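There are 2 protein chains.
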Amino acid sequence: MDPAEFRRVGHQLVDWIGRYLEDAERYPVLSRARPGDLCDALPSAAPERGESMDAILADVERHIVPGLTHWNHPGFFAYFAISGSGPGVLAEFLSAAFNAQGMLWRTSPAVTELEEVALAWLRQLLGLPDTFEGVIYDTASIATLHALAAARQEAAPAVRERGLAGRPDLSPLRVYCSEHAHSSIDKAVIMLGLGQAGLRRVDTDDRFRMRPDALAAAIADDRRDGVTPLAVVATVGTTAVTSVDPVPTIADLCERERLWLHVDAAYAGAAAMVPGREDTLAGCDRATSFVVNPHKWLFTPFDLSAFYCRRMDRLREAFSLTPDYLQSREPTPVRNLMDTGVQLGRRFRALKLWMVLRHFGADGMRRRLAEHMRLAQLFAGWVDASDAFERLAPVPFSVVCFRACPAELADDRAALDDLNAHLLDGVNATGDVFLSHTRLDGRFVLRLAVGHIRTTERHVARAWELLQEQLTKLRR
Amino acid sequence: MDPAEFRRVGHQLVDWIGRYLEDAERYPVLSRARPGDLCDALPSAAPERGESMDAILADVERHIVPGLTHWNHPGFFAYFAISGSGPGVLAEFLSAAFNAQGMLWRTSPAVTELEEVALAWLRQLLGLPDTFEGVIYDTASIATLHALAAARQEAAPAVRERGLAGRPDLSPLRVYCSEHAHSSIDKAVIMLGLGQAGLRRVDTDDRFRMRPDALAAAIADDRRDGVTPLAVVATVGTTAVTSVDPVPTIADLCERERLWLHVDAAYAGAAAMVPGREDTLAGCDRATSFVVNPHKWLFTPFDLSAFYCRRMDRLREAFSLTPDYLQSREPTPVRNLMDTGVQLGRRFRALKLWMVLRHFGADGMRRRLAEHMRLAQLFAGWVDASDAFERLAPVPFSVVCFRACPAELADDRAALDDLNAHLLDGVNATGDVFLSHTRLDGRFVLRLAVGHIRTTERHVARAWELLQEQLTKLRR
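Here the protein sequences come in this chain order: A and B. Just so we're aligned: 299 in the working numbering is position 246 of the first sequence, and the numbers increase by one with no gaps anywhere. Just so we're aligned: 374 in the working numbering is position 321 of the second sequence, and the numbers increase by one with no gaps anywhere.
Read the hints as simulated data drawn from the structure, not as lab findings. Since we're looking at a predicted model, the values are computed, not measured. A few of these clues could be false.
[What the hints assert, rightly or not] Partial selection, computed: residues in chain A whose CB lies under 8 Å from chain B:
hint, residue
1, S97
2, G137
3, A153
4, Q154
5, R159
6, S236
7, A270
8, M408
9, G417
10, A423
11, M426
12, Q430
Just so it is clear, CB atoms sit at the ideal spot from N, CA and C, and this is done for glycine as well.
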């Protein structure tokens, strides 16, 4: 692509994206595409001759955009609402142009060192001590996988050299987390060769928090049965209900039992930077490792997961290996990102986190997070004040779990589930908002997650209005 | 960031990036930063108040750019030279703005379906059959990890449920690859709990290709010793020398032995689309899984690794699990990307591959790849014709392994290594080119890898000129 053409198309794109970021509300937030629509619309083979960017971008507008669920729509309240802010989007543009690959320090010193700088900034904002070394991964799934790999390295003798299979000297290994912990922990234990039996999900209390007494009992049971406890994963902000496990008590237990403590604060960790909410991460300074996702609630475009670890040496011990073709030639020792994990290639992700933190400043981040929590409380208040709805979990952060529960159906579990499922589909079909659902104690539950940088009170009010309207329709 | 400011800064960035892509040669290709330079230059804490984008971008220019090794410089000949083409960079900009996350079909149908379309296009261009289902990962390291996880799922009974540890019913498991296979295979077997002992590196012949007789003997040995063979990883284009393992013979063996055959064609797979070079992937249609990296030699910005598998059901069997909060509500079954691996979140990577393939067309891709191979042959010819240099491996693709070998040092191994190390440092210090090195049979070897989209004969000639100049200096 010649430079003039790059500039011409680039300027056009800036205007298009500017309009998109400004006014994503002109699109339905949940895509209305049917399965196969896009596959059917596009040719089944690459063109033989190159095509013009104008033709390609016209197809983006015509075929791709209708197939998007607009994570950038301020009415996106599903899962955890994430948003790539303006400075983050521009940083990704720059990063793509640099195309730097940070496997070694020398393959771009700035990639390695800006990662160090940006992660130190974030660590301070969260109130974590500098005994934590940081590294950026793509997702929390990969961060947790590495945390548990490091824990395995610590607990299973010679596992790097000899593995786990066919070893009479090894007993089964076990990881512990709560019933509400994320599915990535299941996937991690499968990958690591611990099997799903290698994960024990511990009971939670009436506020969906891991019960430390149940954890202690599980560990004691396992030790008695000849199973080797490996690590505990505590969650700060579980995915369904954003509950917070009692990390200080769990940390006591892990110290006593000499177990690796990994804290999954992928979503809610960010809240700790808000004045008055520092307690969010109470006890996390004593964790062995910790993950928080700036791509969730810190306005950084997907993907960027920040992993902090007090035993990064264990991770290096597990994975560091340098073939001849990757030997460095620096006279002094340098930090090479490839040593901290499976992925050799590392994208220049730190740039967007650094630009986002600078653009908003600590104060700007705190204010936005506090406002999201205010909006969630506001919505929770409406639910609580309503006769037709009920709230089903505490609201510690920016997610509200609730359902319609009109008096006439209060005792009919199946009918309530059915009503709420239809309510969800009806609200999402409007295109103005997108909510997701989960199940709590078997009940179908709606979730409203605030997290988009351009979500305002108006959008939350619109969600509430649509829920009431749809419910009225369904009750007719 | 308000829309007007986004546009103002965006337009400024388009011009800056346009100039950067056009004229990266004004920077030294290998960064001259010293360890700690960037960390020392930046504040140790995030700013309290937000800063202007002008101030931030000025710091990018002042502090970040000098810390970059310019993968975008046409004199980048190190490792595998990769390049993000104009359409790829613009696609990443769009993708960051959409910020779509493709864990489920419904979280953006276009992410899932464009991935299917783009991977089908690429598969056809490579001449692979449509029995291969594709999925995009970040890196080949992750692709290979998943390939071997699926192979383990097939070979080790109930491994998903029960894991590997403390199981007297399981014998040690083994994966096979050549001495020249990539280090990501070591990392994969470590992660999977097979241990480094779970990987056997098979001898290569005088052209650095896996010896099928040695492979057969290793498998037979292992079976005799009660070790369970799991998978063979064959490489098309090894990292150091780009040798090609005899895949058809290895495929015969794998069929006979009922072993999973994974082909790592991360770099060289692309060559198969060049007329006359279809044999590059001979036998790969019989592989169980296959990985090629469009971010390597297909002008797609980092990261995008294309994984193809004939047994994706095995991978799903290993990793598919759907918590309540991720249940879909589609009336018909849809393909959810989260089912094919550990990472729940999936970035919209397909957009850049699709835009690159359309912009260049099949013909444009082929011509560029052919030209890179021509340039490598040209350089190899210069080496071969020189008295002072020697070539140390065949040049099947776009990488030349060579060294200075002046007559006066021909018998002094240590002196030759030392000379070539200094030669490399001297050439790289000029800032005009960046070459990397490896070791072959213990000897220090220089590598010239052609792969950047803007590399022309002039750049290759400049590398040759600098090598000769530096050698003359060093021989003085």
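Now the hints, each set against the structure:
1. Given the 8 Å rule on beta carbons, the hint for A/S97 holds: about 7 Å separates it from the nearest Cβ of chain B.
2. At a threshold of 8 Å, the smallest CB-CB gap from A/G137 to chain B is about 4 Å, leaving the interface hint in force.
3. Taking 8 Å as the C-beta contact cut-off toward chain B, the hint placing A/A153 at the interface holds, the least distance being around 6 Å.
4. At a threshold of 8 Å, the smallest CB-CB gap from A/Q154 to chain B is about 5 Å, leaving the interface hint in force.
5. Hint status for A/R159 relative to chain B: holds, with the closest Cβ pair at about 6 Å, below 8 Å.
6. The criterion of a C-beta within 8 Å of any C-beta in chain B is met by A/S236, whose closest approach is roughly 5 Å, and the hint holds.
7. The interface hint given for A/A270 is broken, as the beta carbon of that residue sits about 21 Å from the closest beta carbon of chain B, more than 8 Å.
8. The beta carbon of A/M408 comes within 6 Å of a beta carbon in chain B, closer than 8 Å, and the hint placing it at the interface holds.
9. Hint status for A/G417: holds, given a least beta-carbon distance of 5 Å to chain B, under 8 Å.
10. Nearest Cβ of chain B to the Cβ of A/A423: about 15 Å, over the 8 Å cut. The hint is violated.
11. Hint status for A/M426: violated, given a least beta-carbon distance of 20 Å to chain B, over 8 Å.
12. Hint status for A/Q430 relative to chain B: violated, with the closest Cβ pair at about 21 Å, above 8 Å.
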